[in-house]
Amino acid sequence: MTLEATPTTRVELDYSGGERLTMNMGPQHPSAHGVFRAILTLEGETVVAVDAVIGYLHRCHEKLSETLTYAQYPSIASKTDYVAAMTSEFAYVMAAEAIGKIEVPKRAQYLRVIAAELQRIASHLLWLGTWCMDMGGALGGGATIFLYAIREREAILDLFESLVGARLLYGFHQVGGTRYDIPPGWADACRKTIAVIDQRISEYEGLLEDNPFFLARAQGVGYITRELAEDVGIAGPLLRGSGVNFDLRRSAPYSSYEDFSFTVPVETAGDCFARYRVRMVEFRESIKIVRQALDKLPDGPISSRPGLKSVAQIRIPKGEAYARVEGPRGEVGCYLIADGSAKPYRMKWRGASFSNLAVLPHIIPGHKVADVVAIMGSVDPVFGEVDR
Amino acid sequence: MTHEQAKILIGERFGGAQVEPASADATAGKGMALTVTVPPGDWRPFASFAKDTLGCRFFSFSTAVDWKEQGLEVIARVDNLDTGLSIFMKTKLGPGVSECQSLVPVYRGANWMERECYDMFGVRFDGHPDLRRILLGDDWVGHPLLKSYAVDTPHPPYR
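Chains as they are written, first to last, in our numbering: chain A, 1 to 388; chain B, 1 to 159.
Don't read these hints as lab results, they were simulated from the structure.
As the structure is a computational prediction, the values presented were derived from the model and not from experiment.
In this text, a Cβ means the ideal position worked out from N, Cα and C, and glycines have one as well.
Hints are not guaranteed to be accurate.
Label pairs and their in silico Cβ distance ranges [unchecked claim]: (1) A:LEU21 x B:ARG133: 25 to 33 Å; (2) B:GLU99 x A:PHE213: 48 to 56 Å; (3) A:LEU157 x B:GLN70: 43 to 51 Å; (4) B:SER148 x A:VAL196: 53 to 61 Å; (5) B:GLU4 x A:LYS296: 33 to 41 Å; (6) A:LEU147 x B:GLY41: 31 to 39 Å.
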């Protein structure tokens with residue numbers, strides 16, 4: 001960055017005055033995890049104000065959903081949060097099922113749980129890798145953890161590929177159940193994969209938590225109070241990192257989550273390190289849930305929906321519902337209003353990333369520019385879901 | 001606080017409010033929502049009441065629905081994370097009206113949500129500190145989620 005060395009705008013190295021500098025970060029910034037622009041106002045190295053500019057990835061999913069039928073939209077829903085595509089499909093079909101009072105077979109509920117938990121592991125792996133890469137130097141050279149994490153994530157994507165034939169956007173859910181059953185041998189492959197990940201997560205934990213640079217960059221940075229967390233409506237690991245014991249899988253169980261035993265990690269520190277700890281425990285808990293679901297997987301049909309002769313065949317009666325699922329980034333909600341036709345009258349996404357990102361202007365001021373990167377990574381935004 | 005207690009408290013304080021269980025809430029178990037419809041004038045007072053008296057401190061989301069000739073309806077959902085009580089707040093603005101009280105003084109989370117609502121529906125929130133478009137560009141014409149806005153509306157110079 002070059003500065004105009006005019007007397008009015010000169011910024012000295014031993015700067016301690018009240019002059020302010022506006023710095024533009026993004027929309028193409030290596031640490032932005034997507035297209036996000038932050039207009040930072042700086043005093044020296046310290047951020048005093050931040051204006052977040054979003055919307056670069058906006059496709060107006062909510063308008064689009066009014067033009068697509070209940071059979072068509074679930075596979076488009078996966079494009080909101082493309083890092084955890086299973087989650088948004090899940091929320092959409094749950095909302096439609098709630099209005100139509102459509103029964104979901106037990107086997108489909110378990111398959112949905114398996115897909116959702118594998119997705120959580122895959123999503124957290126991507127977060128771990130990219131966040132550690134953002135803090136690059138802290139880990140002795142940058143991409144180490146990133147490449148390890150991506151390797152593990154690939155193994156999960158392989159599982160999804162053999163389950164649905166796609167690696168990123170799945171279309172696994174449909175109103176009334178799931179579209180695919182697990183192929184022969186899949187359960188064993190899945191058990192092997194999660195066993196490897198379970199072991200390696202502990203290695204990465206050791207690698208990170210024995211590293212004083214990592215601790216210095218994560219501990220005491222980006223503090224979110226419980227009061228602010230609830231007021232802004234942040235969810236998921238951020239909320240639990242701020243001392244709120246709330247997880248939809250436990251507090252309002254859906255899709256047979258009450259059948260599985262798992263713990264909900266809660267940290268009270270509210271800083272980047274607390275959010276990191278919550279996610280690291282969630283890896284293990286998701287692995288536990290997948291194991292239990294595979295062990296107890298009931299027999300039976302995978303969908304209550306008859307075969308379709310046309311995409312407009314599913315009609316949902318007049319009514320409204322709000323379905324919410326605990327995605328990797330928190331509460332993903334779908335508020336659906338049906339008018340009796342084959343398409344929704346109105347659909348609203350409560351994107352977890354949107355609400356989580358809204359906390360940034362409240363917590364960044366007071367931090368150094370380098371901390372902005374660490375804080376943003378700890379929020380784990382996916383811009384497909386922020387902009388929808 | 002149970003739903004029954006919440007219902008009684010709301011009835012005592014807000015005579016004009018209409019309280020009913022949310023028609024279909026997909027979240028089974030102890031999380032059941034109450035739908036509370038208040039007149040537009042009670043929008044912010046009711047939000048303060050929900051936050052302070054009912055303990056719904058978690059701001060989930062807010063949005064609007066365009067009911068064509070019946071006008072816009074503004075919706076917000078707030079939760080009490082400790083007891084599982086959820087409140088769906090609704091207010092009907094009436095035909096041709098696009099002014100609504102802002103909830104930002106009560107919930108900071110309403111800031112971005114109401115900007116989105118303004119962007120998509122043109123609802124002008126009275127008392128919002130920074131009401132400008134959030135997802136669309138500043139030069140966008142119209143508010144896309146209104147039913148009167150066609151999906152294929154041209155937007156020069158792109159189409």
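Structure-based check of all given hints:
1. A:LEU21 x B:ARG133: 25 to 33 Å: Holds: the Cβ-Cβ distance is about 26 Å, inside 25 to 33 Å.
2. B:GLU99 x A:PHE213: 48 to 56 Å: holds (53 Å)
3. A:LEU157 x B:GLN70: 43 to 51 Å: Check passed, 47 Å falls within 43 to 51 Å.
4. B:SER148 x A:VAL196: 53 to 61 Å: holds (55 Å)
5. B:GLU4 x A:LYS296: 33 to 41 Å: Hint holds: Cβ distance 36 Å, inside 33 to 41 Å.
6. A:LEU147 x B:GLY41: 31 to 39 Å: Violated, since LEU147 of chain A and GLY41 of chain B (Cβ atoms, about 58 Å apart) do not stay within the stated range.
Hint compliance for this structure: hint 6 is the single one not met.
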